[in-house]
Amino acid sequence: DVKVTQSSRYLVKRTGEKVFLECVQDMDHENMFWYRQDPGLGLRLIYFSYDVKMKEKGDIPEGYSVSREKKERFSLILESASTNQTSMYLCASSLWRWGGNEQFFGPGTRLTVL
Amino acid sequence: GESVGLHLPTLSVQEGDNSIINCAYSNSASDYFIWYKQESGKGPQFIIDIRSNMDKRQGQRVTVLLNKTVKHLSLQIAATQPGDSAVYFCAEFLTSGTYKYIFGTGTRLKVLA
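Top to bottom, those sequences are chains A and B.
Each residue of the first sequence is one higher than the last, beginning at 209 in the numbering used here.
Each residue of the second sequence is one higher than the last, beginning at 1257 in the numbering used here.
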């Protein structure tokens, strides 16, 4: 089974801190995604990557950056955390870029910014 | 614009009855659709998918129906069980330009004993 793991289930940070969220997948998937999930808004795409060192902005990239140095690892960085970034963050991976295919999700990281 | 929506935010179903969860999508260029189940405190879990060249696909106790004419997707759960209680949401995959997934906001399914 595909396994997508996220470094933390819960995080509490202070405004202005730099925050790193790590995601690792173990099935050699090309694509990796970062979403945030807020009540009533569904999943919104922050960034995605379809190859090592490649990244593309999603729908809400402001205030975030990403890094993909290795195929299995995709990091989300909040350069200066703000309270409006309090949310559930979900990482996902899928096998290939072209054509629809299943996304596998991690358990999520619930981030609270005070 | 692009949107994937759900008609009912909460659905209550008696245990043993069938459940039907609906989803509307707006992008006719989408050619792949997924239903996810998300239990409290967990990440979304794949249930079933369907491609646009199909009208119906069945899994174990679940069936997905796709009506491209009215851009409607539904998930049917047979003999609903307490373990089916969760939030269900659909996703469409866009192949025109951006190659990305768009997710609905979700329907909470409550199974009544």
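In short, the hints are calculated from the structure, not lab data.
These numbers were taken from a predicted model, which means no experiment stands behind them.
Certain hints may be false.
Below, simulated DSS-like cross-link-like pairs (lysine-lysine); rule was C-alpha separation at most 25 angstroms, straight line [as the list claims (entries may be wrong)]:
hint	chain 1	residue 1	chain 2	residue 2
1	B	Lys1356	A	Lys279
2	A	Lys279	A	Lys211
3	A	Lys211	B	Lys1298
4	A	Lys278	A	Lys226
5	B	Lys1298	B	Lys1324
6	B	Lys1356	A	Lys211
7	B	Lys1312	A	Lys261
8	B	Lys1324	A	Lys278
9	A	Lys211	A	Lys263
10	A	Lys278	A	Lys263
11	B	Lys1366	B	Lys1356
12	B	Lys1356	A	Lys263
13	A	Lys265	A	Lys278
14	B	Lys1356	B	Lys1298
15	A	Lys221	B	Lys1312
16	A	Lys261	A	Lys211
17	A	Lys278	A	Lys211
18	B	Lys1327	B	Lys1298
19	A	Lys279	A	Lys265
20	A	Lys265	B	Lys1356
Some chain B residues close to chain A (C-beta under 8 angstroms, calculated; not the full set) [claimed, not checked]:
hint	residue
21	Ile1290
22	Glu1295
23	Lys1298
24	Pro1300
25	Phe1359
26	Gly1362
Label-pair distances were calculated between CB atoms; the ranges are [stated by the list, open to error]:
hint	chain 1	residue 1	chain 2	residue 2	range
27	B	Gln1337	A	Tyr218	42 to 48 angstroms
28	A	Glu225	B	Arg1307	41 to 47 angstroms
29	A	Thr294	B	Ser1296	38 to 44 angstroms
30	A	Pro269	B	Asn1309	21 to 27 angstroms
31	B	Ala1334	A	Lys221	22 to 28 angstroms
32	A	Ser273	B	Glu1271	34 to 40 angstroms
Where a beta carbon is used, it is the ideal one built from N, C-alpha and C, also for glycine.
Evaluation of the provided hints:
1. B/Lys1356 with A/Lys279: 19 angstroms, holds
2. A/Lys279 with A/Lys211: 14 angstroms, holds
3. A/Lys211 with B/Lys1298: Roughly 13 angstroms separates the two Cα atoms, so the pair holds.
4. A/Lys278 with A/Lys226: Answer holds: A/Lys278 to A/Lys226 is near 21 angstroms, not above 25 angstroms.
5. B/Lys1298 with B/Lys1324: 31 angstroms, violated
6. B/Lys1356 with A/Lys211: Between B/Lys1356 and A/Lys211 the Cα gap is close to 21 angstroms, so the pair holds against 25 angstroms.
7. B/Lys1312 with A/Lys261: Judged against 25 angstroms, a Cα distance of about 39 angstroms means the pair is violated.
8. B/Lys1324 with A/Lys278: 39 angstroms, violated
9. A/Lys211 with A/Lys263: Given that 25 angstroms is the threshold and the Cα spacing comes to 22 angstroms, the pair holds.
10. A/Lys278 with A/Lys263: Roughly 12 angstroms between the alpha carbons, so the hint for A/Lys278 and A/Lys263 holds.
11. B/Lys1366 with B/Lys1356: Distance of about 30 angstroms is beyond 25 angstroms: violated.
12. B/Lys1356 with A/Lys263: 13 angstroms, holds
13. A/Lys265 with A/Lys278: With a Cα-Cα distance of about 19 angstroms, the restraint between A/Lys265 and A/Lys278 holds, given a limit of 25 angstroms.
14. B/Lys1356 with B/Lys1298: Roughly 22 angstroms between the alpha carbons, so the hint for B/Lys1356 and B/Lys1298 holds.
15. A/Lys221 with B/Lys1312: Given pair A/Lys221, B/Lys1312 is violated - Cα atoms ~46 angstroms apart, limit 25 angstroms.
16. A/Lys261 with A/Lys211: 22 angstroms, holds
17. A/Lys278 with A/Lys211: 16 angstroms, holds
18. B/Lys1327 with B/Lys1298: Violated, at about 29 angstroms.
19. A/Lys279 with A/Lys265: Satisfied, since the Cα-Cα distance of roughly 18 angstroms is no more than 25 angstroms.
20. A/Lys265 with B/Lys1356: Holds: A/Lys265 and B/Lys1356 sit about 11 angstroms apart, inside 25 angstroms.
21. Ile1290: 6 angstroms, holds
22. Glu1295: Status violated, d = 11 angstroms.
23. Lys1298: 6 angstroms, holds
24. Pro1300: Check passed: Cβ of B/Pro1300 comes within 5 angstroms of chain A, closer than 8 angstroms.
25. Phe1359: At about 4 angstroms, which falls below the 8 angstroms cut-off, the nearest Cβ of chain A leaves the hint on B/Phe1359 intact, so it holds.
26. Gly1362: 6 angstroms, holds
27. B/Gln1337 with A/Tyr218: 42 to 48 angstroms: 29 angstroms, violated
28. A/Glu225 with B/Arg1307: 41 to 47 angstroms: 44 angstroms, holds
29. A/Thr294 with B/Ser1296: 38 to 44 angstroms: 18 angstroms, violated
30. A/Pro269 with B/Asn1309: 21 to 27 angstroms: Given range 21 to 27 angstroms: violated, Cβ gap about 33 angstroms.
31. B/Ala1334 with A/Lys221: 22 to 28 angstroms: 44 angstroms, violated
32. A/Ser273 with B/Glu1271: 34 to 40 angstroms: 47 angstroms, violated
Checked against the numbered hints above, the structure violates hints 5, 7, 8, 11, 15, 18, 22, 27, 29, 30, 31 and 32; every other hint is satisfied.
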